[in-house]
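Chemist: Based on the provided sequences and hints, a complete structural model is requested.
Numbered per the numbering used here, the sequence shown spans residues 497 to 740.
No lab work stands behind these hints: they were computed from the structure. Watch out, some of these pointers could steer you wrong.
[Claimed, not checked] Derived BS3-like pairs: lysine-lysine, alpha-carbon spacing no greater than 30 angstroms straight-line:
1. 663 <-> 502
2. 559 <-> 667
3. 646 <-> 663
4. 646 <-> 667
5. 663 <-> 559
6. 502 <-> 559
7. 502 <-> 667
8. 646 <-> 502
Computed from a prediction, not measured in an experiment: that's the story for all the values here.
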Amino acid sequence: MKRNLKGRRVAVLAADGFEMVELAVPRAALRLAGATIEVISLRHGRIRGVNLHEPASRVSVDKTVEEADPADYDALLLPGGFINPDLLRQSHRAREFLRAFDAAGKPIASLCHGPWVLASAGLLQGRTLTSWPGLRDDLVNAGATWLDQKLVRDGNLITSRGPQDLKPFVKAMLEHFAQGASLQPRHAALGTARSSPQANEPPRMALEAMRWMPRPSLRTIALIALGIALFAPQRTKRFLGRGA
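Modeler: Listed below in structure tokens is the structure:
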């Protein structure tokens, strides 16, 4: 596999709040396979990862979406997290970045909440994929067929449900990216596919993560208080100005 990805350039599209394991593990595997990786984001500097709901390490950004040219890359990795895709899907530049990869038939790999961005980019009509179960309705409403499976392949797109599926996801991602730009989006005939049913309850690991999360530190409380102190006067001033 190392020989297959040597010389390949992979873009990782991510913003603050990305799920750390969903970026770190695939990136390490891609590097071992010989690929060159660049993190593309909404701003310069270092973006903050998360472990479920807890802050994690930062990752350095190589280029912003304004600076990066999709033509310079052979494949795209779109990690999840609760916050990361919500920020990306609101960016016109990020949506255009994704559309360029899809239009060129370049391989795209995403998991967890990452497909939210694909939906906002208008790329899911007639497609078949999976994701974090909580996204099921959003993706179906965007025109996709959603399957509750560890890994789903559809033309130039592969998807997995989340961190629990990282092992099959990484293996499939390496094979997928090795194929290069020979893939084309596969659009299923509308009305012929059936999505998996809605979940009856949220994943246990997410519920337990909230249950055992530590109490806020004094540092966190101080930062929240500072934010209130900085922004409250501005909001009050704007409110008084409208009432004048």
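Chemist: Are the Cα atoms of residue 502 and residue 559 separated by 30 angstroms or less?
Modeler: holds, 21 angstroms
Chemist: Does residue 646 pair with residue 502 here, judged by a C-alpha cut-off of 30 angstroms?
Modeler: This hinted pair holds, its Cα atoms lying about 27 angstroms apart.
Chemist: Does the alpha-carbon distance linking residue 559 and residue 667 stay inside the 30 angstroms limit?
Modeler: holds, 27 angstroms
Chemist: Taking 30 angstroms as the top limit, are the C-alpha atoms of residue 646 and residue 663 close enough?
Modeler: holds, 10 angstroms
Chemist: For residue 663 and residue 559, compute the direct alpha-carbon distance and say whether it is at most 30 angstroms.
Modeler: holds, 28 angstroms
Chemist: With a cut-off of 30 angstroms on the C-alpha distance, tell me whether residue 502 and residue 667 pass.
Modeler: Judged against 30 angstroms, a Cα distance of about 16 angstroms means the pair holds.
Chemist: Need the status of pair residue 663, residue 502: alpha-carbon distance at most 30 angstroms?
Modeler: holds, 21 angstroms
Chemist: Check the hint pairing residue 646 with residue 667 against an upper bound of 30 angstroms on the C-alpha distance.
Modeler: Since the Cα atoms of residue 646 and residue 667 sit roughly 12 angstroms apart, the hinted pair holds (cutoff 30 angstroms).
When each numbered hint is compared with the structure, no violation occurs for any of them.
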